Every structure is written in structure tokens, then in C-alpha cells.
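A.B. asks: Protein chains in written order, with my numbering: chain D, 1 to 387; chain X, 1 to 367.
Please note that a few of the clues may not be correct.
As the list claims (entries may be wrong) - Taking beta-carbon pairs under 8 Å as the criterion, some of the chain X residues facing chain D (in silico): (1) V168; (2) T172; (3) I360; (4) M362; (5) M364; (6) Q365.
Claimed, not checked - Beta-carbon label-pair distances, calculated as ranges: (7) Q49(X) / Q300(D): 31 to 41 Å; (8) G135(D) / K277(X): 39 to 49 Å; (9) L289(X) / K91(D): 47 to 57 Å; (10) K322(D) / Q301(X): 40 to 50 Å; (11) N276(X) / L261(D): 30 to 40 Å; (12) S369(D) / M315(X): 29 to 39 Å; (13) F182(D) / K277(X): 38 to 48 Å; (14) L261(D) / I248(X): 35 to 45 Å; (15) R324(D) / M315(X): 46 to 56 Å; (16) L125(D) / D284(X): 51 to 61 Å.
To be verified - Cut-off 25 Å, straight-line C-alpha distance, at most; resulting in silico cross-link-like pairs (DSS-like, lysine-lysine): (17) K257(X) / K268(X); (18) K206(X) / K133(X); (19) K7(X) / K206(X); (20) K257(X) / K206(X); (21) K157(D) / K28(D); (22) K279(X) / K301(D); (23) K366(X) / K360(D); (24) K301(D) / K277(X); (25) K365(D) / K366(X); (26) K277(X) / K366(X); (27) K180(D) / K288(D).
These aren't lab readings, by the way, just hints derived from the structure by calculation.
Note that the structure is predicted; figures quoted are calculated from it, not measured.
Glycine included, each C-beta is placed from N, C-alpha and C at the ideal position.
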Amino acid sequence: MESVWFHVDMDAFYASVEQLDNPSYRGKPVVVGGLGNRGVVSACSYEARTYGVHSALPMYRARQLCPHAIFVTPRIERYSEASHQVVSLLKEFSPTVQQISIDEAFLDMTGTERLYGKPRQAATLLKNRVKNEIGLTTSVGIGTSRFIAKMASGYDKPDGLCRISKGNEERFIDTIGLKKLFGIGEATLAILNRHSITTPAQVREFSLEHLQALLGESGGLYLYHACRGIDPGIYTGVTKSRSISTENTFANDIDNEKELLQQLLMMSHEVMFRALQENLSSSTVAIKVRFSDFTTVSAQKGLDHNLYSGEQIYEVAQELLKSRWRDSQKVRLLGVGLYGVSDQGPPVQQELFEDPYKRKGELEKAVLSLRSKGRNIQKASLLEEND
Amino acid sequence: MKFACHKSSILKEIVLALDFTSQRNALSVVSNVYLETKDNLLYIKATDQNVGLKSVIPVETIEEGATTVFCDKFLGILRSLPEETIVFEEVHDKLFIQVENKAISFELRTISVDKYPTLEESDELEFFALSQKDLLAMIDQTIFAISDDETRHFMTGVYLEQDGNQLVMVGTDGKRLSFIGRKFEKQLPEFKPIIIPAKFLSLLKKGGTQEGEVELSITDSIIFARLGDQVMYSSLIKGTFPSYKRVIPASQSFECKVEIGPMNEALKRVSLLVENKAKRIYIDLEEGLLTISSEESDFGQAKEVIACDYSGDAMRLAMNYTFLVSPLRVMEGEQLSLSFTDANRAVTLRPEPQRDYFHIIMPMQKE
Numbered sequence: 001m002e003s004v005w006f007h008v009d010m011d012a013f014y015a016s017v018e019q020l021d022n023p024s025y026r027g028k029p030v031v032v033g034g035l036g037n038r039g040v041v042s043a044c045s046y047e048a049r050t051y052g053v054h055s056a057l058p059m060y061r062a063r064q065l066c067p068h069a070i071f072v073t074p075r076i077e078r079y080s081e082a083s084h085q086v087v088s089l090l091k092e093f094s095p096t097v098q099q100i101s102i103d104e105a106f107l108d109m110t111g112t113e114r115l116y117g118k119p120r121q122a123a124t125l126l127k128n129r130v131k132n133e134i135g136l137t138t139s140v141g142i143g144t145s146r147f148i149a150k151m152a153s154g155y156d157k158p159d160g161l162c163r164i165s166k167g168n169e170e171r172f173i174d175t176i177g178l179k180k181l182f183g184i185g186e187a188t189l190a191i192l193n194r195h196s197i198t199t200p201a202q203v204r205e206f207s208l209e210h211l212q213a214l215l216g217e218s219g220g221l222y223l224y225h226a227c228r229g230i231d232p233g234i235y236t237g238v239t240k241s242r243s244i245s246t247e248n249t250f251a252n253d254i255d256n257e258k259e260l261l262q263q264l265l266m267m268s269h270e271v272m273f274r275a276l277q278e279n280l281s282s283s284t285v286a287i288k289v290r291f292s293d294f295t296t297v298s299a300q301k302g303l304d305h306n307l308y309s310g311e312q313i314y315e316v317a318q319e320l321l322k323s324r325w326r327d328s329q330k331v332r333l334l335g336v337g338l339y340g341v342s343d344q345g346p347p348v349q350q351e352l353f354e355d356p357y358k359r360k361g362e363l364e365k366a367v368l369s370l371r372s373k374g375r376n377i378q379k380a381s382l383l384e385e386n387d
Numbered sequence: 001m002k003f004a005c006h007k008s009s010i011l012k013e014i015v016l017a018l019d020f021t022s023q024r025n026a027l028s029v030v031s032n033v034y035l036e037t038k039d040n041l042l043y044i045k046a047t048d049q050n051v052g053l054k055s056v057i058p059v060e061t062i063e064e065g066a067t068t069v070f071c072d073k074f075l076g077i078l079r080s081l082p083e084e085t086i087v088f089e090e091v092h093d094k095l096f097i098q099v100e101n102k103a104i105s106f107e108l109r110t111i112s113v114d115k116y117p118t119l120e121e122s123d124e125l126e127f128f129a130l131s132q133k134d135l136l137a138m139i140d141q142t143i144f145a146i147s148d149d150e151t152r153h154f155m156t157g158v159y160l161e162q163d164g165n166q167l168v169m170v171g172t173d174g175k176r177l178s179f180i181g182r183k184f185e186k187q188l189p190e191f192k193p194i195i196i197p198a199k200f201l202s203l204l205k206k207g208g209t210q211e212g213e214v215e216l217s218i219t220d221s222i223i224f225a226r227l228g229d230q231v232m233y234s235s236l237i238k239g240t241f242p243s244y245k246r247v248i249p250a251s252q253s254f255e256c257k258v259e260i261g262p263m264n265e266a267l268k269r270v271s272l273l274v275e276n277k278a279k280r281i282y283i284d285l286e287e288g289l290l291t292i293s294s295e296e297s298d299f300g301q302a303k304e305v306i307a308c309d310y311s312g313d314a315m316r317l318a319m320n321y322t323f324l325v326s327p328l329r330v331m332e333g334e335q336l337s338l339s340f341t342d343a344n345r346a347v348t349l350r351p352e353p354q355r356d357y358f359h360i361i362m363p364m365q366k367e
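All chains, please: the whole structure from these sequences, using the hints.
C.D. replies: In C-alpha cells form, the structure reads like this:
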């Protein structure tokens, strides 16, 4: 049977949620991100993109490019909640839903034709339901692997639908070009350019050994497969059923600690909220770091107690990051996950003295329940300081 | 430097000294033991910069001088030598170790004493004496309850507080707490409460003999202990100890009395089938009977019923079994008392009849 993967990508997710919650924002440029001088854009609406604003842009640049935009600080709790709604809906379409970040998920749609019709029909149905029931638009990419599906969803955005059928993968890669090939960073491009390699077709003329000599073992292998439309295995083994994780590939590599920690904090809160929503608990935190040369390292730490709050996860994740990352190393991808997730967690040992984290956990739960009643609550620790 | 002494007299000191040296880096001077001889005495010093030891033993000084050698290897060599008189001599950055009338010789590289850190001085300080037996008993009753979680640094030591002629020691990891308040006949000097690192307390136990007295002196940042000719010290743990008095229940509604021996045996047996991570057991109480059981796991289940003196409501408590086993190991007498108010609140464990120590244990969730 031919494999069918959907990659569902929420369009301008944070900004779209803001527009959904605040009707007055609709049709206007909305920029979400840290509002301090050193903040960066986390997301922006398509209206803002026409002014040249994009994610990972320094906030001061966004203000210069589009001074009349509506600037808002991220409300991760609210986005997590919307994300959860979307994922619950996606789970109706496929038993295998692999959420890879707050606004993206893969669906294994192999063999669902008799239920939902041809892949394109199924995708249209899915898009309409997300639009009508949740109020958000999505772009869906369909491919024979996650890698192809992922790039297909980005090909036709926003509100897009793009299917690459079996046999057309290589041609699709050629259309995309090296520059937009997922997982190819500036450093790789620069090396290839120096050897006058500018298209996937040219890459295919080189042997694996040659590419590896050029780009290192993992980088070479990745490119070798990617240019042939073969999934280099980017998402395999990242999210197994008993874990909750999120990861983020940065538009530009990050090499400063403050920005990495900011990302880590946001992701820590995101995984905590997902765990709370699903009533799951865990005592193991893991991080994943991919450097600009594609080497990928991970680290995890198990604690003797369950994790109650995003800040607690952040504290462990921060320690793990410091064990794997040296100052000024360029990071292209960062991920945070909870492992060994279970419905109840190990039997909870009660504390004699008040555990500060437990109270924070309860606070987060309370925030979550207020949010689900439609109240607007913002956590101050997620605001960047104004400097 | 040159001196001679019998193997047994120096070996004992070097065994203790090793624990005071740094084990991290063999080439560092703090991994070395300091040896100095004059007037037929050998002065021994060791420190890892947190804890320190000074000791003196009689030897035959042949030539005055001082040096330092890698303690770990020095001890290994001493252990291997026959029970004879040994001659130690430093010549050109090397310590030669020879046994009289035997063709055994070792040479160990030395590091000059001027690189050796200065140890904390206690000569000017006032010491107060306690019976070794009392102090070591207090350590035994509390040291097992402390935390090994470095993120809760202030719980990785035992709290010591002076209250009139009583000394209070408390150990806690935040989930259980052990308390002992021992009264002394002599007046104790006043000092502010301190947190003593666990390592120092176990070194004190190792150096102690259970007989005679130990003298203590406490400053803002250091505790000194004098045992005969040895002075050992440790820097104290900085931080605020949790207000432990608040979590000690003033009274409990129910009490169960049970023989220590059978309880210990039952815990040992049931624990064989307790899940390793959570270590949870159930204690079910009903009139005259105490049932200890493990929860059903992939391996199976264990259960044991023992007689007890209880007449309250039927009650189920869930607990980490190690929180019961470790205090029982050091509990004196025949009987213990387990008292509680409800299944979610702190349980008090103490010997029956009452002594000057008890243990507070937080239960686990039952489901």
C-alpha cells in the first residue's frame, strides 16, 4: 500500500489565534513576540508579512517595517489550548497523529481512503472542519513520506493544499530548490555554493562519500537523501507515544544564550500545558539540540518526583542545555520533551514542607481552567523584560 | 625529612586522612597528605578545602622536615607492608619507604609543602565536651533522613540547634524528618543553629570510638571536633533550614503499638515485591491487626499480617517502605508506636516507651 502522510501546518498560528480572539485584529497586521528591544518576532499575520515582517526578525526591525501593526506578547497557554483543540480534531482522521510542535502535526493517512476518500478529498474535509469548528486556517501537505509532506504544506501557503504523488518526489525537490529545502541551512548552502552546487539535480551527481567529505557525515547523508526525495528521517523517533515533545527549527541559527533560554522557556511551558490538558505526568525531561553542522545531540534527566510546572521543566531543560551547548555554538533546532509519560505518574509522595513547584503547578492548572472559560490571563514570566 | 615508626601506628591515621583528601584529581596537592616530623612526633594533615584533619602520633624523628605525598597510593603501600618498623625518608622530591631488615622499598613522588593549603586554625577557640556515645547516637538517629538532592542543598546536612542544656539534631529530605533532642548534664555554650554536612558526620563516626568524650567548637562557618590528638573540621552548609517545628504534629488522633522485631521482618519480606521506583507499601490497620502489603505488580504481590495494639477506625496508609525501615534499624527497645490523624497527614513513628527521638513520615497517595 502506498504510504500517505499529511503534514498539517497552522497558518501564522499565534497571530491567527490573536485574530480569532480579538475580532478587531482581523485583516490587520498582527505581530506576536517579545516586545522588549531585544525581543524577536514569534509569529505574524499574513497582513504583516506583506511589509516584510517574518518570524525570528528582531522586534525593533518589525516596528520599523510596520509601525502601525498590532504588537502583542505571546499567550502560550491560549495557543496550547487552541493547538490541543486542533490535535483532538486531527485524531478523528487518523489514529497516528504525531504532533511535532505547537502548530504542526503529521497524520499517517495510509489506508484511510475508504473512510475519507482520496487524499485530496480527505485533506479538504480536514481543512474545512478546522476552519468551521475552530476558526483557524491550515495548510496541508500530502506526500509519501513525512519529509515530502512537510515541504508540500509549505509550498502553497496560507490555506493551501498540495499533494505530491508517488514518483514525483524528485521533480518536486527540483521545483523547491536547494534554498528552500527543509533542513538546509545557510552554512550548508554556502559550502555548496563554493563548489558551484546550486540545484538538487547537481547534488545528485555527487556520490554519498563526496557529500559527506564536504558536509560531514550526517549533513552529507541528509542532503544525499533529501535531494532524492527520500525522507532523511527527520521526525522518526522524535515523538513516540509515551512522550510529549515540541521542537523548533529556527529561521536563523541562534547562538546567544539569552535567546536560546527564551525559546527553551516557551517550549517548556508548551509541553507542560499539553501534559496538563491530557492529564498526563512525567518525571523525565529531555532536550534535543541540532547544531548548524547538523550534528544532533540529546540529553535527558529523570527526577525522583513528577514535574508540576513549566518552570520546573525549564529549570531541568536549562541544566541539560548547558551540558550540551557551549557559548556561541550555532543552534538550528531546539526541542524539549517529557518522557516516560503516564496517566497517573508514579505514586505521589507527599511533601512535609510546601513544594514551591507544586503550587506553581496548581496555578497553571487554574490558569488553564480559567482560560477554558474564556478568561484572558497572561503569565508575566513569559513576558520579556523591556530593556 | 626522615622518621621511623611501626606500621600499625601510622596506618590508622592515614586510613582516616584519605577521606579528608580530594579524590578528584590525583595530581592535585589536595589529594596529598601532609607529613611533618620533629621532636619525635609526626604531624599529619589532610584537607580537600571543605573538610580538614590534623593529627599527631609519636615516631622516631631521625631528621626534621615536612613533605606531602599522594594519600591514596601512600595508604595502599602502607597496607601492603608487613607489621614491622618502617623508615620514611624524603630525598629529592621522592619519599622512600623501607622496611627495616627487609629488601622492600618504595619511592613516591612528593609535592613540596609550600604548595599545601593552610588548614583552619582552632587553637584560639573554646571547645565544649560531649560524650562520644551521645553524639554518635544523635547522628545515627538523623543522618539517614537527609536529602541527596543537590538542588536542595540545605537539606543535604543535619541541622544542629542548642536549646539550654539540650542539643537538637534534625535530618529531613522534605518527605520525612528525624528528630532527636538530647539533654546533657553540663551547661552547653550558646550557638546559632547550624547545618552540618553529612560527610563530616560520617567521618566523625569513623574517627570516633564510642568511648570517652568528643570536644566541639562551632564558629559562623566551621565546626571543629577534637578526638584525642585529632582535630577535624568542616565548613558548614549555608542556607536556611526549613522551619521543621511546624511540620511536627502536636497530637495525633490514633495510635498503634507494635513489636519492632516482627514489624521489621514483615517489612523486609513484603519489600521484596514492592515496585522499585515508588517503593510504596500499604499499611492496613484494624482492631488488633496490622497488615503490610505491596501493591499488585507485574511480578506479583506480598502481604503479611502481624498483631498490634490498635483500637481506632479501620485505616489504610500508603508509605515509602524505606522511610519505615531506616528508622527501625536504629530504634532501641522492643516496641514502637505509629500514630496518625488521617491518611493524608504526617505520621509519627517513635519507640514505645517514648525516648528522646522520633520520626515524622509523610504518606504517599493511596491511588
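A.B. asks: Looking back at the hints listed earlier, which ones does the structure fail to meet?
C.D. replies: Checked against the structure, the hints that fail are numbers 1 and 20, while the rest are satisfied.
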